[in-house]
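Trainee: Throw the hints in and build the complete structure from the sequences for me.
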Amino acid sequence: MKKSARIASACIACLAMLSFSACGGPGPQGGKGAGGAEQIHSDAKANDDAKCQNTIKKKGVEKVTVWAWYPAMEKMVDRFNDQHDDVQVCWTRAGSGQTQYQKITTAVKAKSGLADVVQIEYDVLSQYVSGVEKHLVDLNQFGAGKLAGQYTKGVWNSVSLGGGKSIYAIPVDQGPFVMMYRKDIFDKYGVKVPTTWQEYEQAGKELRQNGFQGHIGNYEPSGNGSNVTLIAQNKGKVYDYSASEPDKLGVDFTSKQSQEVMEYWQKLAKEGVVTTDDAYTAEWYKKIVDGSWATAVCASWLVGNVRGVSGADSSADWKISKAPVWDSSTPSVNFGGSSLAVTDQAKDTKKAAKVAMEFFDDPAIQQTAITESGLFPTWTKVLNSDRFKNMTDPFYGDQKINEVIAPVALAYKGYDYLPFQPYAYDEQTKVFTEIVRNGADVPSSLRSLNKTLTDYATQQGFTVRR
Amino acid sequence: MSSIRSKSTSVRKRAVSRKENAWGWFFTAPFAVIFLLFLVIPLAYALYVSLFSYTQLKGTVFTGLGNYARAFRDPIFLSGMGRVVMYAVVMVPVQLLFALVLALVLDAIKTRFASFSRLAFFLPYAIPVVIGALMWGFLYSKQMGPFTSIFDVFGLKAPAFLSPSGIFGSLVNIVTWQWTGYYMVILYSALQSVPPELYESARLDGASEVQIAIRIKTPIISSSLVMVTVFSLIGTLQFYTEPMILRNNVPSVIPPEYAPNMYAQALAFNYNQLNYSATVSFALGLLVVVFSVVFMRLTRHQSGLED
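Heads up: the sequence lines are chains A and B, in that order. All residue numbers in the first sequence are consecutive under our numbering, ending with 468. All residue numbers in the second sequence are consecutive under our numbering, ending with 1332.
Worth flagging that the hints you see were computed from the coordinates, not collected in a lab. Only a predicted model underlies this, so the values are computations on that prediction, with no experimental measurement involved. For every residue, glycine included, the Cβ atom is placed at its ideal position computed from N, Cα and C. Hints may be right or wrong, so weigh each one.
Unchecked claim - Using 30 Å as the maximum straight-line C-alpha spacing, the simulated DSBU-like pairs for lysine-lysine come out as follows: (1) A:Lys105 / B:Lys1182; (2) B:Lys1167 / A:Lys136; (3) A:Lys272 / A:Lys239; (4) A:Lys190 / B:Lys1167; (5) B:Lys1182 / A:Lys207; (6) B:Lys1083 / A:Lys113; (7) A:Lys391 / A:Lys155; (8) B:Lys1167 / A:Lys288.
Unchecked claim - Short derived list, chain A residues pointing at chain B, Cβ under 10 Å: (9) Gln211; (10) Lys288; (11) Asp292; (12) Pro424.
Mentor: Here it is as structure tokens:
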């Protein structure tokens, strides 16, 4: 390379940098007003040219853009639009779960391009509310507070981040923690279906002794929310965060309760009672249905994910029961579920709030959500209705499954997640993997997990509660 | 007298070369614009972003090189870096050796079978990386892959491709499978440009085909070999797609920060740390440049890039 050319290219780089720093970029952001005045907008025309996945028939009506990945969403959107003359939903499937969150993150950084209403799972909600990241609008100012009684306690606690006055999303579905089990396998090997974790271990051993080639179940170290739920069953509160003190948080993996749960699974893995496969992989789904495992202790929505998996054991006789408990005081727990939140980029915030609050407030849409999308409802009226309780599911041999699941949903009290939950999950996975696969010392592993997460919290500027 | 004349010619020469330069710039303009827009400016922007630090509670603050100090002490980044260096140490020579041997063999036999094999070896490169990785993910699977039943026939247990101890070899295999054919084609075409008279005189001197391959052909295409090595080295240090895809099968075996590029992705999109992610990307870029420059210096003689 000639010297002159080198200088020239260096200059081009300098120029590019100068021009860029001149037009801004990620300079220091001022704190947003506590009242969130900058979050509220009222431009009814802004979405007129928005592109939607659904076809909007009514012309000249204000549109609200929605990102959601619920199955059968289009049918529900069409019904909503049919029923409303003052607003039309313009829906897009922007990927499910993490894929959609990545789009939210990008749109937030770009300060444009975010939908008015977005589907958000309970465990990542606080991430968009804490610190300088106030990207969800408090719906209490639009009257969401009055809706509290219509939803189960646990999910309302989740969307209000600790039960305060602010409401950051409207609940849609939840995932009551239950046990799917293969009645045919338990019958064949003459083993009683376990109701407690002590019995679960015993049953697992008996199945093996009586010649069952598979395992009673699986502990997935990469289960993310399900691992938190298993600890919550033993009253371990690993994550502590509430909107009333947004700059403080707590992490507690060192409690006796957390330790007991992790020691239990380490023991079962060591004894060969359970396997420790990774969750949510194609292989995991296949092993659930092909008879490798006699049970799957998980959220009730899991059945929706395994229904169509190929390689299923055709002789399977599935039944559902409550998840095994530690003792009679074990709380009802939940894993997963999602809500509709209004973003600070909503063009007409009030209309967006209306959509979030009213979208599922229609018996026809609720019915589609339950039967076609496979969502487990959070609406107490539905949960208590005879129609819902008497619903049967062919997958479970026409068992009245909601007689089992609905009480779990109603009894769930809710728990917290950290404002950086994806990071916490990733760290969790590493430590739990070491514990159940490589026999790592439980107390010291959990202590180091605790330290990793509190150090991160401190680095992010949070005050760690002791 | 003479000095004046030489001065005037040099002035004229300079004028001519300036004119040529203008045309040169004109013809490179389409490339230059795209180069600026999609490489230089994003690069400069990433550098700029990397000088700020973002935390959830305090927002964005200017921290200068603070992020870089953090990155080069960050055990997660360093262990990812160590991992890709390990991959480079194993994968680059393996790919190079396979590609060279295949190219030499195909160059030596000139039958229809050779042109068919050339195409067959090249074919994996024509498969998109993501699809290739997905396919291998299924092949490696204990439940769904064919290896369990194949090994079963011989009464053996299939190796655990996706276990913590097997994942390294499995990933090396995917990359080697995908890229060897491509490197082979580069080396093969370099061999085609060698005048055959050279071989004839070697044969007259009594050299065997193997000797010709090792002593004559290989040294002659050394500049192509260096180029292929640099490609392979840079590609390996930027390891991303294959582990990212296999991660869907075994998230606990391949952590999100397995390779530096994956760490940058996780930071930006999962942990909401765009600024630090830019730092990690930039630090990785810096190390790639260092590795490449060192390698090019070491092989100055072979590559023919001496000034």
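Trainee: Would you mind marking each hint as holding or not holding in the structure?
Mentor: Each hint, compared with the structure:
With a CA separation close to 43 Å, the supplied pair A:Lys105 and B:Lys1182 exceeds the 30 Å bound. A C-alpha spacing of about 45 Å is found between B:Lys1167 and A:Lys136, which places the hinted pair above 30 Å, so the restraint is violated. At most 30 Å may separate the alpha-carbon atoms for a hinted pair to count; A:Lys272 and A:Lys239 meet this at roughly 26 Å. Restraint check for A:Lys190 and B:Lys1167: satisfied, since their Cα atoms lie roughly 26 Å apart, inside the 30 Å limit.
Pair hint B:Lys1182 plus A:Lys207 holds up; C-alpha atoms about 25 Å apart against a cutoff of 30 Å. Between the alpha carbons of B:Lys1083 and A:Lys113 the distance comes to roughly 18 Å, so the proposed pair stays at or under 30 Å and holds. Under the criterion of a C-alpha separation no larger than 30 Å, the hint pairing A:Lys391 with A:Lys155 is consistent with the structure, at around 19 Å. Taking the CA atoms of B:Lys1167 and A:Lys288, the gap is about 11 Å. The hint holds against a cut of 30 Å.
Hint on A:Gln211 is violated. Least Cβ distance to chain B is approximately 24 Å, over the 10 Å limit. Among the interface hints, the one on A:Lys288 holds; its C-beta lies about 5 Å from the nearest C-beta in chain B, closer than the 10 Å criterion. Satisfaction of the interface hint for A:Asp292 is found here, the shortest Cβ-Cβ separation to chain B being roughly 8 Å, below the 10 Å cut-off. Given hint, A:Pro424 at the interface with chain B, holds; its Cβ is 4 Å from that chain's nearest Cβ, closer than 10 Å.
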